[in-house]
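K.L.:
For the protein sequence lines, the chains are B and F, in the order given.
Counting with my numbering, you get residues 8 to 120 for the letters of the first sequence.
Counting with my numbering, you get residues 5 to 347 for the letters of the second sequence.
FYI, nobody ran anything at the bench for these hints, they're computed from the structure.
Careful: at least some of the hints might be erroneous.
Below, in silico cross-link-like pairs of lysine to aspartate or glutamate (EDC-like), each with a Cα-Cα straight-line distance of 20 Å or less [to be verified]:
| # | chain 1 | residue 1 | chain 2 | residue 2 |
| --- | --- | --- | --- | --- |
| 1 | F | Lys10 | F | Glu115 |
| 2 | F | Lys301 | B | Glu53 |
| 3 | F | Lys10 | F | Asp109 |
| 4 | F | Lys235 | B | Glu51 |
| 5 | F | Lys235 | B | Asp95 |
| 6 | F | Lys56 | B | Asp95 |
| 7 | F | Lys35 | F | Asp101 |
| 8 | F | Lys258 | F | Asp43 |
| 9 | F | Lys235 | B | Asp91 |
| 10 | F | Lys235 | B | Glu117 |
| 11 | F | Lys303 | B | Glu83 |
| 12 | F | Lys10 | F | Asp101 |
| 13 | F | Lys44 | F | Asp109 |
| 14 | F | Lys258 | B | Glu51 |
| 15 | F | Lys56 | B | Glu83 |
| 16 | F | Lys327 | F | Asp109 |
| 17 | B | Lys44 | B | Glu77 |
Quick partial rundown of chain F residues pointing at chain B, CB under 8 Å, derived from the structure [claimed, not checked]:
| # | residue |
| --- | --- |
| 18 | Leu52 |
| 19 | Lys56 |
| 20 | Tyr59 |
| 21 | Gln332 |
A virtual CB, placed ideally from N, CA and C, is assigned to each residue, including glycine.
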Amino acid sequence: MLVRPNHMPKITYIDHAGTARTVEGEIGSTVMETAIKHGIPGIEAECGGACACATCHVHVDGAWRAVVGEPSPMEEDMLDFGYDVQADSRLSCQIKVTAELEGLVVRTPERQA
Amino acid sequence: MSEPIKTDVLIIGAGPCGLFAVFELGLLDMKAHVIDILDKIGGQCAELYPEKPIYDIPGLPYVTGQGLTDALLAQIKPFGATFHLQEMVQTVEKIGDPLFRVTTDRGRRFEVKVIVIAAGGGSFQPKRPPIPGIEAYEGSSVFYSVRQIEALRDQRVVIAGGGDSALDWTLNLAPVARHLTLVHRRSEFRAAPDSVNKMMKLVGEGRIDFVLGQVSALAGEGGRLAKAIVKGSDGSNFEIACDALLPFFGLTMKLGPVADWGMAMKDGEYIVVDTAAFESSVPGIFALGDISWYPGKLKLILSGFHEGALMAQKAYHYVYPGKRLVFQYTTSSTSLQKKLGVA
């Protein structure tokens, strides 16, 4: 993939009702910050991105799980506070936007804890 | 009922803004009591990110949440504020001009001339797990804290969670409950390894059960729980017969009773204040920090410090009506330095 220096990877957030919203994320920011910046519903981020609350929980689309990777042990601990946590669950404040994430799809849960 | 505590100012919230308010009030000879629902001082700084860095406190290029809390406590030490932890203000009643009667959830009463609300996102309260219909069982079969162990004697208890609270109560209740099941979504635990080892030992001895999964539904009648339906990590569903469920999923912030105290609110979440004194629509009640709103409001700790300084100037006139207030600097004023214990 040809990556331009100012490339803004597109990220799609699908809410619980099935509505998809695609926005551009800044490389180096997080999937949570991108959602908040664009007013994506379904992500609260109560603690502001400190990996301290589990209210930015998302389900990573099956096709993207390997690229996005697994949660760190600290993130796993926080996920215990999430709602309907599955094997595809991540805290979006802990997913950094990279060029490789162009086209990323995540689903927001019915509610954040 | 005990006699009310009479003091100048009651500060609700022991986070950085509440702590610095003690300092600004203290410089102007106002005594404060501070109340907080957490079991420790520091608010979100202590509860959410004690080890995490803050980079935008003026003059401190780097400080952790706990570091800032400790520094503020050192700074306000000369003023001897009294702290009431694990306590929440329930009602506020205006009985004078201004004079307020305040009651807490522990039945304590205050009579104060000024109230400063520095309650951040509200009070930290136990997270309610998103189990449909759980509200109907709360207080009768579902408990977010254990006040009396004896109430659970000979009951069939399900504990949900993997942190210290879940594990501590599993160990404490194992000898008391008729049957105890710990439900956690994975085999790793956030709790202290020693507690996990003790729990595993009990499981090995067949004295308690440990189930991998998440409670997904409840069944029962009239607030009395009969069984919990657990979704296993393999996708299977099974039932656990139980009389009580204790969910331990950490804390979340809720606005709480603040909304009932008669102040103008913004979006039902924030207290509207003026920017000259950060006073709410009820004279004598001020609001600082994240819980306050005014045009241009930023939720920054540094803004809360500024708000506290201006609040104290106006609060002075409620506490000392008719008395002239002379503006002074700590660098040059002997009287301020005496209060700080450095002159």
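K.L.:
Checking one constraint from the list: CA of F:Lys327 to CA of F:Asp109, max 20 Å. Satisfied?
P.N.:
35 Å, violated
K.L.:
Check the hint pairing F:Lys258 with F:Asp43 against an upper bound of 20 Å on the C-alpha distance.
P.N.:
The given pair, whose Cα atoms are some 16 Å apart, holds under the 20 Å limit.
K.L.:
Within 20 Å, alpha carbon to alpha carbon, are F:Lys10 and F:Glu115?
P.N.:
5 Å, holds
K.L.:
F:Lys56 and B:Asp95: Cα distance at most 20 Å?
P.N.:
Outside the cut-off at roughly 27 Å; violated.
K.L.:
Hint F:Lys56 vs chain B: min CB-CB distance below 8 Å?
P.N.:
5 Å, holds
K.L.:
Going straight from one Cα to the other, do B:Lys44 and B:Glu77 come out at no more than 20 Å?
P.N.:
24 Å, violated
K.L.:
CA of F:Lys301 to CA of B:Glu53, is that 20 Å or under?
P.N.:
18 Å, holds
K.L.:
For the pair we were handed, F:Lys235 and B:Asp95, check the Cα-Cα distance against 20 Å.
P.N.:
16 Å, holds
K.L.:
Between the alpha carbons of F:Lys258 and B:Glu51, is the straight-line distance 20 Å or under?
P.N.:
With a Cα-Cα distance of about 14 Å, the restraint between F:Lys258 and B:Glu51 holds, given a limit of 20 Å.
K.L.:
Are F:Lys235 and B:Glu51 close enough, with their CA atoms no more than 20 Å apart?
P.N.:
Roughly 26 Å separates the two Cα atoms, so the pair is violated.
K.L.:
Does B:Glu83 lie within 20 Å of F:Lys56 when you go C-alpha to C-alpha?
P.N.:
The given pair, whose Cα atoms are some 18 Å apart, holds under the 20 Å limit.
K.L.:
Given the hint that F:Lys44 pairs with F:Asp109, test it: the Cα-Cα distance must not exceed 20 Å.
P.N.:
17 Å, holds
Taken one by one, the earlier hints fail for this structure at numbers 4, 6, 11, 16, 17, 20, 21, listed in ascending order.
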